[in-house]
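Just so you know, the sequences run in chain order L and B.
All letters in the first sequence, in the order written, are residues 1 to 32 by my numbering.
All letters in the second sequence, in the order written, are residues 1 to 260 by my numbering.
Since the hints were made in silico from the structure, they are not lab data.
Fair warning: there could be bad hints in the mix.
Unchecked claim - Here are the simulated distance ranges between beta carbons:
| # | chain 1 | residue 1 | chain 2 | residue 2 | range |
| --- | --- | --- | --- | --- | --- |
| 1 | B | T33 | L | F4 | 24 to 32 Å |
| 2 | L | R18 | B | A110 | 24 to 32 Å |
| 3 | B | P25 | L | Y8 | 35 to 43 Å |
| 4 | L | T13 | B | D193 | 40 to 48 Å |
| 5 | L | R12 | B | F255 | 37 to 45 Å |
Claimed, not checked - Derived BS3-like pairs: lysine-lysine, alpha-carbon spacing no greater than 27 Å straight-line:
| # | chain 1 | residue 1 | chain 2 | residue 2 |
| --- | --- | --- | --- | --- |
| 6 | B | K152 | L | K26 |
| 7 | B | K57 | B | K194 |
| 8 | L | K26 | B | K225 |
| 9 | B | K194 | L | K22 |
| 10 | L | K5 | B | K152 |
| 11 | B | K259 | L | K26 |
| 12 | L | K22 | B | K259 |
| 13 | B | K152 | L | K6 |
| 14 | L | K19 | B | K259 |
| 15 | L | K22 | B | K28 |
Unchecked claim - Chain B side only, calculated, beta carbon under 8 Å to chain L, not exhaustive:
| # | residue |
| --- | --- |
| 16 | G117 |
| 17 | W120 |
| 18 | T122 |
| 19 | M123 |
| 20 | H137 |
| 21 | K152 |
| 22 | G205 |
| 23 | I230 |
| 24 | D231 |
Cβ atoms here follow ideal geometry from the backbone N, Cα and C, with glycine treated the same way.
Okay, here's what each chain looks like letter by letter:
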Amino acid sequence: MNWFKKIYYKIRTEYLYRKRIKELRKRDPFIY
Amino acid sequence: MNVIVIGDSFAFGHGCKDRTYFYDPDLKEYIGTPDFMYKGPSEYCWANLLQQEFKDKIKVINKAFPGRSMQGMYWDLLKAFRKYEVRDGDIVIFTGTVVNRIEIPTIHDAYDTASWGLNWHTMLPINERFKNVKLAHMNLEEREQAQSLYIKYLWNETIADQQAFSAIMSAWALCQHRNIQFFWSLPRVGFYDKKLIGTLRAYAGKSEIKGLLDYVFGTTPEINKKYRVIDGHANDDGHKFFYDVEIRQMFLKLFEEIKQ
Numbered sequence: 001m002n003w004f005k006k007i008y009y010k011i012r013t014e015y016l017y018r019k020r021i022k023e024l025r026k027r028d029p030f031i032y
Numbered sequence: 001m002n003v004i005v006i007g008d009s010f011a012f013g014h015g016c017k018d019r020t021y022f023y024d025p026d027l028k029e030y031i032g033t034p035d036f037m038y039k040g041p042s043e044y045c046w047a048n049l050l051q052q053e054f055k056d057k058i059k060v061i062n063k064a065f066p067g068r069s070m071q072g073m074y075w076d077l078l079k080a081f082r083k084y085e086v087r088d089g090d091i092v093i094f095t096g097t098v099v100n101r102i103e104i105p106t107i108h109d110a111y112d113t114a115s116w117g118l119n120w121h122t123m124l125p126i127n128e129r130f131k132n133v134k135l136a137h138m139n140l141e142e143r144e145q146a147q148s149l150y151i152k153y154l155w156n157e158t159i160a161d162q163q164a165f166s167a168i169m170s171a172w173a174l175c176q177h178r179n180i181q182f183f184w185s186l187p188r189v190g191f192y193d194k195k196l197i198g199t200l201r202a203y204a205g206k207s208e209i210k211g212l213l214d215y216v217f218g219t220t221p222e223i224n225k226k227y228r229v230i231d232g233h234a235n236d237d238g239h240k241f242f243y244d245v246e247i248r249q250m251f252l253k254l255f256e257e258i259k260q
């Protein structure tokens, strides 16, 4: 894997994680 | 006639005055104790209102539990079928929940499972949520790291959809097979893939009902405020309102069909 793809996937994974957490909080605002 | 109610906190009655437990952001502490969930469903929940009104006609078995995932609900249904004698014409009300909850081992017993909403561990700091929990065998911080890493690397929206969809379809199929009437609801947020709800409706569309969550989070702010407690769950009035407009009507119709 070349250096560009490595950095690209790392940033993408991080971005998706943050996006997911935001979306999850909106979808399920209830604890229990 | 048995009526088996499967669901999460909204069918359980979390938020009613005998099942109060929420985090107060102003006082910065919890009101109530987490053991409310082991006391059984609330006296004021819609399932109990149904039982009270049609005491002589039906027996309501409420297997709802706070925070349940869809897979957990399917498991609840299987357990209920194993425990109670269900007959032709009995009713199952499957009040579905958001799809982003999964089953994981509990903090107390590695061989027992509990539902986990994927966002829960991010909502409050760890020492707030596990204030009174003392565990010698588990590093809770490490567990939370694992949860975050799970969301980051091992989970995606398609998996959530697949798990939830297969759970509700399995419940429907099981009831079809046993000749049991199956009613279901899903919150408006539904599946990530919007096409899936169409597939579900193609099979079981006739028996869809509107869930309590959608009434409490309805479009009119007056309704929202009146029928909700601070953490967003439905209060006693919310349950009564939902029972009157949805469940009661549904059962009156059912009884009329049976008469004919």
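Hint by hint, here is what the structure shows:
no. : hint                        : result
1   : B:T33 to L:F4: 24 to 32 Å   : 54 Å, violated
2   : L:R18 to B:A110: 24 to 32 Å : 30 Å, holds
3   : B:P25 to L:Y8: 35 to 43 Å   : 39 Å, holds
4   : L:T13 to B:D193: 40 to 48 Å : 21 Å, violated
5   : L:R12 to B:F255: 37 to 45 Å : 56 Å, violated
6   : B:K152 to L:K26             : 18 Å, holds
7   : B:K57 to B:K194             : 38 Å, violated
8   : L:K26 to B:K225             : 18 Å, holds
9   : B:K194 to L:K22             : 19 Å, holds
10  : L:K5 to B:K152              : 18 Å, holds
11  : B:K259 to L:K26             : 45 Å, violated
12  : L:K22 to B:K259             : 50 Å, violated
13  : B:K152 to L:K6              : 16 Å, holds
14  : L:K19 to B:K259             : 53 Å, violated
15  : L:K22 to B:K28              : 22 Å, holds
16  : G117                        : 5 Å, holds
17  : W120                        : 6 Å, holds
18  : T122                        : 6 Å, holds
19  : M123                        : 6 Å, holds
20  : H137                        : 23 Å, violated
21  : K152                        : 4 Å, holds
22  : G205                        : 23 Å, violated
23  : I230                        : 12 Å, violated
24  : D231                        : 7 Å, holds
Violated hints, in rising order: 1, 4, 5, 7, 11, 12, 14, 20, 22 and 23; the structure is consistent with all others.
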